[in-house]
Amino acid sequence: MHGRPRLKASAPPDPERVKAAEKKAALFGQLAGEVLARSAAKRYDPESLALSAKLLELHPEMYTGWNYRRTALVPVLEAGGEAAVAAVAGELALTQRALLKNHKSYSTWHHRRWVVAKGFCSLEHELQLVNMLLDGDSRNFHGWGYRRFVVQLMGTPAERELEYAALKINQNFSNYSAWHSRTVLLPVLHGTPDSSAAQAAAELTATLRAAALSADPADVTGKDQPQASAQQQQHAGQQQPQQGAAGPTPALTAAAAASAGPHVSAAATAAVPKEALDEEYELVKQAFYTEPEDQSGWFYHRWLLGCSLANWEQARGSEAEERECKALLAVLNREQQTCKARLLEVLDMEPEAKWALLTLTRLREVQQQVLCESGTATAAEEASGLAAQVVEGYARLKELDPLRSGYYKDAEEGRAQVVARPMAASA
Amino acid sequence: METIQPSTFDLVVLGTGLAESIVAAAAAKAGKSVLQLDPSPHYGGSWASLRLSELRSLLQSLSPSNAASEGRQARQAAASGIVEGEIWQQQPEADLGPDAQYSIDLAPKVAYGGGPLIQLLLGSGAHHYLEFKLVQGSYLLNLGRDDARAASQGQPPLQTVPSSRSDVFKDRMLSPLQKRSIMRFLKAAAEALEGQGPLKDAFGDQPVQELLAQQGLDKQLQLSVLHGVLMADCVPGQAPGTAASQQQQPDNLLPFQTQLTAEQALQRLRVYLQSSGRYGADTGPFLTPLYGGGELPQAFCRAAAVAGAVQVLRCGVEGLVLEEAEEGTPGCCTGVKLSSGQVIGCQHLAASETSEHLEAFCTRGGTPCTTLRCAAILDGPLVAGKQQTLVCVLPSAEPAAQAGTAASPQATPPPVVRALAVCSSTAVCPPGRYLLYLWAAAPPVGADSDGSSAQQQAARVLQPVLAALADASELQRAAAPCGQQSAEPTVLPAAPGAKPRVLWAAFYSQSTSIRFAAHHSSGGGGGSQWPANVVPCPGPDASATFISAVEGAKQCYRLLFPPAGGANVDFPLDTRVQRQAEQQQGEPGDEQAAAASGLAEADSDDELVAALQAALQPAARPGIEPAALP
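Line order of the protein sequences matches chains A and B. For the first sequence, the tail end lands on 427 under the working numbering, and the numbers increase by one without skipping. For the second sequence, the tail end lands on 630 under the working numbering, and the numbers increase by one without skipping.
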């Protein structure tokens, strides 16, 4: 949960507490050892499974425990019937108890997905549960990921989900997951008719069933961020959680991830039309003016810019190129005006105006590149003027935000990605 | 009637209104013996919530023809401070639903979620008896705006008062620059309250409008902040350029506080900022209680009872027992004589200011303070999709013309009108019916050169506002109001559009604060006529929130029981007092918190160990629910 103060680690460990912790660890070791032994012996009797359930309820992070249960569940679920329904209900209850203990447990969320994808349970109920979770903690990216998974199984139209994301953004726009949700949904919504959301969902369901043995959650449990921040994640050295030895069928896993991930479906390759993007630009502008120091909106803006650029790039070589180029330059000019208005107003009193300045500089950089490629003499002249402004902008940013001066230096020398491309365009 | 035991108390409280009940709860908590009496069968006095039928008969009892038959209700009306009232309804009468499902506030107000009332509720434990709903939207309706009249064909142009960060983000009527200026102002104010930021020295004794203008808020935002955020209630010094600013208000008229200084504004902003967002990122600052505002005095009464106070309803008081003092000094009240004949001795007496027994002390006329009120029943919500909403209505520049009477040149501008819309979500009316309250401070008597009574004033001032907010075209005056045989048509002007229709409306005037003001203006007990140990408790004024009532109650308590250690001693019900008591027992701060959390962790550790042991016990294993597997 957000906004909770971190407890200070008190300096000298209390010997009594250390002793208690040791006792706890010993008991855990005993219980885990018992479960692992039964797992190695391939014992799938009710008693062994109850033991693993107890262990997971107390300590949901233990991947092997969940894998053990899945291996045991496979024959039951394949057989189907009442036994399968009861088994699924049991797993849902177990994961719910585990999630109440730790609502950010990757392994538990993954297990629940795996179980739900088998059918035998009510998706509406799952949606209600995850809605409750997001009402309580609107920025829980596990909840957002799980919600996307559930609505895709249900075949909910992208419009409805876009509305949900808008609702959450209206409640609190400082929400990376909600903005990210829009980056996923907009390409789906504007996809070509023959790859409608329903069809994509049907494909997904089929894939999930086929990949039922797969234990790899792939990107679906990955942390939500507008894709713009992917590169920053790399900077920070963040990695997707590693499965280790947990996934029994790697080949199938890769296939499932490739076709099941929401932003790699066929629909996602469709470009978002200019009109839709304009609405989004307008929405995110409200965030800039309400609270410019909040970063989530600026990241979303970067994704939008990538979409605008992709529209132009896709049209290159076609007869629409000139029109798209003009449209792109118009967008770039308009967005520069937005940033400039912000800057004129705030730069002297609000140091966090760096976001406006960074965005303005990036906009100029893109504009300069576009002009260079259009090849006319006047454009080249304009581009060189912009290049000077870009250098100036990054120099100012280094002063305003010395902590990230290395990043700005990289950007200035062309080593940083200026805009975040939508998945299809960058692939 | 049974006699009350014991027969002497430290404090006798006459009335069960909000201020009386707070005083009773505080005194009981401080260890005094307290007796609280009310002649009526229910709690609340001027603050009560009534059923529809009760309100109807209360207002009808004011008519002279009914005076004889409805004596009890007339007395009750007097005890509620209601001077005059009239009922308007549809012809034929609309179906209003079950009477028992109505709980109509005589004096509606909203509470700041982090304000003094909530603090007192928490400090007294009375919060256990109450539930609240959030006010979901706060709006400004500026009838004086030119484009308001142009747009009045359809929905009234309600402007959102930015009451949370989410409101500012969502609103598309505010321009980006307006958003920036209001957010920056609120942020700087929050910093100034911490003694930091660019405005830390800016909140001085200049009028707050000056500061708002300096901070780049345009006129619309200035009004929005002044009335919707700072809750400036009465006609303020208008923004420069309007006609009203040229008119001098008479100085002696208490309710017409014309200027709010920046410093006062900052204190109001403190409460506002503490309250906004307290219950979630997108929540505004205001709360409204379930089952109506009449629950509040009851909750404090219960808190008083828990601390040992005795309450007796349906217990009339014949008179006060006064002890003559020496010549030239005020006497002393030694007791009260009940209708049963019993005499109860008391050290101190606090009484609702509407109590007839205080009349004798009010030889010097207090400042009249009448609140014009309207309670209307609608067939739809005021704002679609919102269950509880608060609207501040700024009057049109030419009020008299709208009301159909000749405007006198000296007429003071009409007051700011507050509107609160609630519905069955707070269990105050049947499903499908909606309550709309309007209230405003009455313009001072004398401004009405045509000599019309206060009763007509309530309808005259509030009816145009009602018609602006809702469709009142089918509403007719139910009966000729007392004291006037009206021949003029009583059908209200039509207001087409998709507004909710008004099915029923009561207009009435509640006159309170006379004796409270008189007492306090006479020097808080040191004045000539008041016995030193008698204090009148304030009734509901025209303000939008409970702040003034809570402050008034605290003031009364301090007059009755002057703090020994100087003026700034804590009130017995303050949460701070509770906290200090706790702090005396242990070292506060991080260490304590860490220790407490360590303790909690140890507890859960014990549970964990027990769970682990249970899981490992072979005997227990068959008992664990087995997964349905072969």
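Check before you lean on any hint, since a few could be wrong.
What the hints assert, rightly or not - Mimicking PhoX-like on lysine-lysine, the simulated pairs with C-alpha atoms at most 20 Å apart in a straight line are: (1) B:K170 <-> A:K354; (2) A:K285 <-> B:K170; (3) A:K354 <-> A:K285; (4) B:K499 <-> B:K133.
The hints are simulated quantities; they were obtained by calculation from the structure and are not laboratory data. Keep in mind the model is a prediction, meaning the values are calculated, not measured.
Verification of the hints:
1. B:K170 <-> A:K354: violated (24 Å)
2. A:K285 <-> B:K170: OK: A:K285 and B:K170 at ~11 Å, within 20 Å.
3. A:K354 <-> A:K285: holds (16 Å)
4. B:K499 <-> B:K133: Roughly 24 Å separates the two Cα atoms, so the pair is violated.
Violated hints for the displayed structure, listed by number in ascending order: 1, 4.
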